[in-house]
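Line by line, the protein sequences are chains A and Y. Residue numbers for the first sequence follow our numbering, so the first one is 175 and each next one is one higher. Residue numbers for the second sequence follow our numbering, so the first one is -11 and each next one is one higher.
Mixed in with the good hints, there may be bad ones.
Pair by pair, the computed Cβ-Cβ distance ranges are [unchecked claim]:
| # | chain 1 | residue 1 | chain 2 | residue 2 | range |
| --- | --- | --- | --- | --- | --- |
| 1 | Y | 7 | A | 391 | 35 to 41 angstroms |
| 2 | A | 216 | Y | 89 | 54 to 60 angstroms |
| 3 | A | 230 | Y | 186 | 35 to 41 angstroms |
| 4 | Y | 154 | A | 405 | 49 to 55 angstroms |
| 5 | A | 314 | Y | 40 | 47 to 53 angstroms |
| 6 | Y | 120 | A | 293 | 24 to 30 angstroms |
| 7 | A | 391 | Y | 89 | 51 to 57 angstroms |
| 8 | Y | 89 | A | 215 | 48 to 54 angstroms |
| 9 | A | 469 | Y | 191 | 41 to 47 angstroms |
| 10 | A | 213 | Y | 150 | 58 to 64 angstroms |
| 11 | A | 213 | Y | 84 | 38 to 44 angstroms |
List time: in silico DSS-like cross-link candidates among lysine-lysine, alpha-carbon distance up to 27 angstroms [what the hints assert, rightly or not]:
| # | chain 1 | residue 1 | chain 2 | residue 2 |
| --- | --- | --- | --- | --- |
| 12 | Y | 137 | A | 205 |
| 13 | A | 386 | A | 205 |
| 14 | A | 594 | A | 205 |
| 15 | A | 594 | A | 464 |
| 16 | A | 286 | A | 337 |
| 17 | Y | 148 | A | 286 |
Simulated from the structure, these hints should not be mistaken for lab results. Yeah, the Cβ is synthetic: ideal placement off N, Cα and C, and Gly gets one too.
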Amino acid sequence: MSDQDYVLRTVEERDIRFIRLWFTDVLGFLKSFAITPAELEAAFEEGMGFDGSAIEGFAREKEADMVARPDPSTFQVLPWRPDQQGVARMFCDILTPEGSPFAGDPRFVLRKTLQRAQEMGFEFYLGPELEYFYFRSSEGTEGLDQGGYFDLTPLDVASDLRKRTVAYLEQMGISVESVHHEVAPSQHEIVLRDADALTMADSVMTARLAVKEVAQEAGVYATFMPKPIQGAWGSGMHTHMALYEGERNAFVDPEEPMGMSKVARAFIAGILQHAHEITPVLNQWVNSFKRLVPGYEAPVYICWARRNRSALLRVPGAGQGRDIRVEVRSPDPACNPYLAFAALLAAGLKGIADNTDLPPEATEDIHSMTDAERRAHGIASLPEDLYEAIAAMEGSALLRETFGEQLFEHFIRNKRAEWKAYRAYVSPWEIERSLPIL
Amino acid sequence: MADVMVVSERPEDLWSLVNGLEAGGHRVAVVSGTEAATGHSVPDVALVDAVKDLAWGRDACRSLRARGSRLPILAIVAAEALDAIGPDWDADTFMLDGVGVPEALARIRLALGSQAIESSGALRVGDLVIDAETYQVRVRGRLLDLTYKEFQLLTFLAQKPGRVWSRQQLLQEVWGYDFFGGTRTVDVHVRRLRAKLGAEHEAMIGTIRNVGYKLEAHRTR
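With the rest of the complex left out, here is chain A:
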């Protein structure tokens, strides 16, 4: 019996009618096509061919033929489809027609980076917190909480949606630590229990879909847009990270100050050092940077602290004899989780390889400092917009190597085009402010 046999057997026993093959484009959009059980065996052996030229960041025109080979360990019946004659899914690795891994596949980029970690003796574990909003439709930002007069207990609607989402995720083996209403009206959060990075990236893709599926079933809309409402809290994806050497958390060393190991220090230092250039991967949309402004508990400054929530990296367990995980607070849930986790890991590993020195902890409230004070403390700011972020990424040898030439170049081209379109857009803000006086 192998993973594949088990899947074939389950498909038969459960009377599964379609198997959806999932993969992710460069921007983190879930792509899928369906095959029938009769095609499954061949899909395992040879993969299923598809035209990659229509997928963002995949093939250049001459090499449009791509092959998706399903990963049988990710086989899962979709709980939101009917019980009888159901539908299942598997994540796929993308191959070239010659059968080698396709360098532009984000899942492969993460696998490759995890391989490097393994060569250094580490496994990478992550626990993200996904924030999102429920709106009445995708046309506007009318929340469910602020429903109109005579609405039937709108608060309960969202709590039912959350409950159903958690039930779906748990049926799919995605362990949910907590789920609750967030700060802004109609904003919610799902906290996933940590897992190895590849499983977690798959889980984030699944969770985003499950949240949207449940909302759609109820006739409402769920969005992971980083900052949908001007003046309200944005949606982030705070992510807790740890490296393990076997059973041991490599970030813990009781002999070291605050119980933080040398590995932890160098890992944090590596991310701080490369924070600029990895930002467009963690925050990839024009809109992402509207969230990264002072005043909404989103990080703006490149520094670390034990508890200070305005720091980019937090180490809440440090100095308390507890398990240590490093929380990065800038990513938003509209990122490509494969690339985001790969970028964070690559930066951290670089810190470890170079034995980078950790700057002192930011102990004061960084937001209330003046620019001059921050400079004196050696605290830089995150890029202010997508343009600045992309410019930083362009010069990044680290990401060029981690992502591979093709994916790296495509990502930059795509984001430059987004910025160009945005730059030419005359916004209501300008009309409101400038038209009456100019």
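Following the hints, put chain Y in place on chain A, whose structure we already have.
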């Protein structure tokens, strides 16, 4: 003890039967026809009350059958309506209206017993039933969709309920010696299994601090 679902549109008339089944040690849920067809979790055995409306009762039996091919279904019918009972009902057997509690209990015992014989390859730990032949796992009748690794891990734990295994042992026994990953893999899979077992049954897999894991029949929640 079993989970008994009584499907009826006149629950007040079945009050003494329901009480009798509960006194006999069963957990009884009385539900309407639509709930039985869709909403309620699949029980160990179902009694469908077709006394008032034969067609309704037959439909209820069939929609229950659609939800679980091995679920024992007992129809309750009036003596004068026995002519109408046939294989199209998808029921396993019937009882006559006004059936006494001892008889109902005996029939439920037989129905559950034949189910146990039918799935002879099954491994049973409390509410958990693992069918090694069909690779299907049920918790109190609810089917779990497990990956192969999850299935192997759960089956391994279920073979010796109560025995504590270290992560290293589980890694060797379930993943094999040539597996490259670390023992944290075991933790992730246990988490996935607990999520799938659901809030009510997740405590069946116990964590023994600094040692490892075990599977137990009793639930702490």
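Evaluation of the provided hints:
Hint check: residue 7 of chain Y to residue 391 of chain A, Cβ distance near 38 angstroms, so the stated range 35 to 41 angstroms holds. Checked against the hint of 54 to 60 angstroms, the C-beta distance between residue 216 of chain A and residue 89 of chain Y comes to roughly 57 angstroms, which is consistent with it. A hinted range of 35 to 41 angstroms holds for the C-beta pair residue 230 of chain A and residue 186 of chain Y, which are about 38 angstroms apart. The supplied range of 49 to 55 angstroms is met by residue 154 of chain Y and residue 405 of chain A, whose beta-carbon atoms lie about 53 angstroms from each other.
At about 50 angstroms, the CB distance of residue 314 of chain A to residue 40 of chain Y agrees with the hint of 47 to 53 angstroms. Between residue 120 of chain Y and residue 293 of chain A the beta carbon distance is about 39 angstroms. The supplied range of 24 to 30 angstroms is therefore violated. Taken as a hint, the range 51 to 57 angstroms is violated for the pair residue 391 of chain A and residue 89 of chain Y, whose Cβ atoms sit roughly 42 angstroms apart. Take residue 89 of chain Y and residue 215 of chain A: their Cβ atoms lie about 53 angstroms apart, and the range 48 to 54 angstroms holds.
The hinted window of 41 to 47 angstroms between residue 469 of chain A and residue 191 of chain Y holds, with their beta carbons roughly 43 angstroms apart. Range check, residue 213 of chain A to residue 150 of chain Y: Cβ separation about 44 angstroms, and the 58 to 64 angstroms hint is violated. Take residue 213 of chain A and residue 84 of chain Y: their Cβ atoms lie about 51 angstroms apart, and the range 38 to 44 angstroms is violated. The straight-line distance between the Cα atoms of residue 137 of chain Y and residue 205 of chain A is roughly 26 angstroms, inside the 27 angstroms bound, and the hint therefore holds.
A C-alpha spacing of about 15 angstroms is found between residue 386 of chain A and residue 205 of chain A, which places the hinted pair at or below 27 angstroms, so the restraint holds. Taking the CA atoms of residue 594 of chain A and residue 205 of chain A, the gap is about 26 angstroms. The hint holds against a cut of 27 angstroms. This hinted pair checks out: residue 594 of chain A and residue 464 of chain A have alpha carbons roughly 17 angstroms apart, not beyond 27 angstroms. Restraint check for residue 286 of chain A and residue 337 of chain A: the C-alpha separation of about 36 angstroms exceeds 27 angstroms, so the hint is violated.
Proximity of residue 148 of chain Y to residue 286 of chain A is assessed by CA-CA distance (about 39 angstroms); at most 27 angstroms being required, the pair is judged violated.
Hint check: violations occur at hints 6, 7, 10, 11, 16 and 17; the rest are consistent with the structure.
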